[in-house]
Amino acid sequence: MEEKVVMVILVFSLVALVGSLYIAGLANERSIIINSSSDSNYGISTIAEASDSVKPDIATISITVESREKTASAASSVNGEKVAKILEKLKKLSINEEDIKTESLSLYEDYHYVYGDCPNSTTEFPPYQCKNKSKVIDAYVATQQLSIKVRDVEKSGDVVDVLSTSSSINNIGFSLSDAKRASIEKELLEKAAKEARERAESIAKGMGVSLGDLIKASSSTTQYYPQNRYYALENTGSSGSTVSPGELKVSVSVSSSYAIR
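Going by the numbering used here, the first residue of the sequence shown is number 175, and it counts up by one from there.
These are calculated hints, taken from the structure and not from any lab test. Using N, Cα and C, we set each Cβ at its ideal position, and we do this for glycine too. Check the hints yourself; a few may be wrong.
[As the list claims (entries may be wrong)] Below, simulated EDC-like cross-link-like pairs (lysine to aspartate or glutamate); rule was C-alpha separation at most 20 angstroms, straight line: (1) LYS256 x GLU240; (2) LYS244 x GLU283; (3) LYS265 x ASP284; (4) LYS229 x ASP326; (5) LYS307 x ASP335; (6) LYS265 x GLU369; (7) LYS329 x GLU272; (8) LYS263 x GLU328; (9) LYS266 x ASP352; (10) LYS354 x GLU262; (11) LYS256 x GLU372; (12) LYS423 x GLU372; (13) LYS329 x GLU421; (14) LYS266 x ASP335; (15) LYS329 x GLU271; (16) LYS275 x ASP312; (17) LYS229 x GLU421; (18) LYS423 x GLU240; (19) LYS390 x GLU364; (20) LYS323 x GLU421; (21) LYS329 x GLU262; (22) LYS259 x GLU271; (23) LYS368 x GLU223; (24) LYS263 x ASP273; (25) LYS244 x ASP312; (26) LYS390 x GLU375; (27) LYS265 x ASP312; (28) LYS390 x GLU369; (29) LYS265 x GLU255; (30) LYS244 x GLU223; (31) LYS368 x ASP352.
[Unchecked claim] Simulated DEER-style distance windows between Cβ atoms: (32) SER418 x SER278: 25 to 33 angstroms; (33) SER321 x GLY290: 21 to 29 angstroms; (34) LYS379 x GLU271: 58 to 66 angstroms; (35) SER418 x ILE389: 43 to 51 angstroms; (36) ILE343 x VAL288: 34 to 42 angstroms; (37) LYS244 x ASP291: 46 to 54 angstroms; (38) ILE343 x LYS379: 32 to 40 angstroms.
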């Protein structure tokens with residue numbers, strides 16, 4: 175009885191082993207076919223670039239409006255009046271309200287300390303050795319930082335003249351509008367894609383094969399912005415301020431992969 179059980183178990187184990195080997199063989203055969211098919215698809219890969227230098231059509235001016243007064247309320251009120259006048263002048267220059275943004279607001283005390291009952295009468299004593307310390311407020315300072323987007327770069331000088339009378343100019347940055355950037359990128363992408371195709375055809379010809387279908391393609395875009403800068407001439411008569419935007423470099427690259435026949 176025990177011998178029959180052992181024989182049945184051996185037969186079942188043998189069948190299971192053969193079946194697993196057969197399944198494993200099918201799996202290996204399938205993976206080989208897939209790899210072989212994949213290798214035949216990717217034959218030639220190329221990368222091409224195209225770039226252009228263009229003049230920016232947007233200027234962004236950052237300014238700080240500041241007021242110093244004896245009380246906090248006075249400093250806040252005076253600074254608010256200055257900002258209101260600036261906004262009114264910008265409106266006359268056709269600067270849209272949505273292109274003016276407050277970056278930060280602050281109100282703080284400008285103060286110093288007076289020390290007394292110090293161990294020595296000289297002025298070289300360390301302050302921490304003095305027993306008395308009094309805080310003296312010199313003024314309350316209100317500040318507001320604004321960012322103004324000028325959509326006509328030619329007006330930048332006029333805007334700077336208006337702003338410089340009641341604020342300090344922090345910097346001027348230049349950029350491209352969405353419409354202009356999209357138009358330039360489209361032209362450069364078409365140029366780079368054509369170059370990538372021509373390179374692939376040259377490689378195929380040199381290797382004695384025919385170029386097949388496009389398998390995949392990708393692209394990337396880079397914009398190189400000049401350092402923020404502000405150029406101004408002496409304000410003599412009608413000369414005013416001169417702002418030089420320079421040029422921006424826009425660069426794109428296209429990567430492509432082709433099958434071969």
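_Holds or violated: LYS265 to GLU369, with C-alpha atoms at most 20 angstroms apart_ = Status violated; Cα separation ~47 angstroms.
*Is the Cα-Cα distance between LYS329 and GLU262 20 angstroms or less?*
holds, 16 angstroms
*Do the alpha carbons of LYS256 and GLU240 lie within 20 angstroms of each other, as the hint requires?*
holds, 9 angstroms
_Satisfaction of hint between GLU272 and LYS329, Cα-Cα up to 20 angstroms_ = Given that 20 angstroms is the threshold and the Cα spacing comes to 17 angstroms, the pair holds.
*Compare the distance between the alpha carbons of LYS390 and GLU364 with 20 angstroms, and conclude whether the hinted pair is satisfied.*
Roughly 16 angstroms separates the two Cα atoms, so the pair holds.
*Would the pair LYS390 and GLU369 pass a check requiring their Cα atoms to be no farther apart than 20 angstroms?*
holds, 15 angstroms
_Agreement of LYS354 and GLU262 with the hint, judged by alpha carbon distance not exceeding 20 angstroms_ = violated, 29 angstroms
_20 angstroms Cα cutoff - pair LYS265, GLU255_ = holds, 15 angstroms
*With a cut-off of 20 angstroms on the C-alpha distance, tell me whether LYS263 and GLU328 pass.*
holds, 17 angstroms
*Under the criterion that the straight-line Cα-Cα distance not exceed 20 angstroms, is the pair LYS259, GLU271 satisfied?*
holds, 14 angstroms
_What's the verdict on LYS329 and GLU271, does the C-alpha distance respect the 20 angstroms limit or exceed it?_
holds, 16 angstroms
*asked:* Taking 25 to 33 angstroms as the stated bounds, is the beta-carbon spacing between SER418 and SER278 within them?
replied: holds, 28 angstroms
Violated hints for the displayed structure, listed by number in ascending order: 3, 5, 6, 9, 10, 11, 12, 16, 18, 27, 30, 31, 33, 37, 38.
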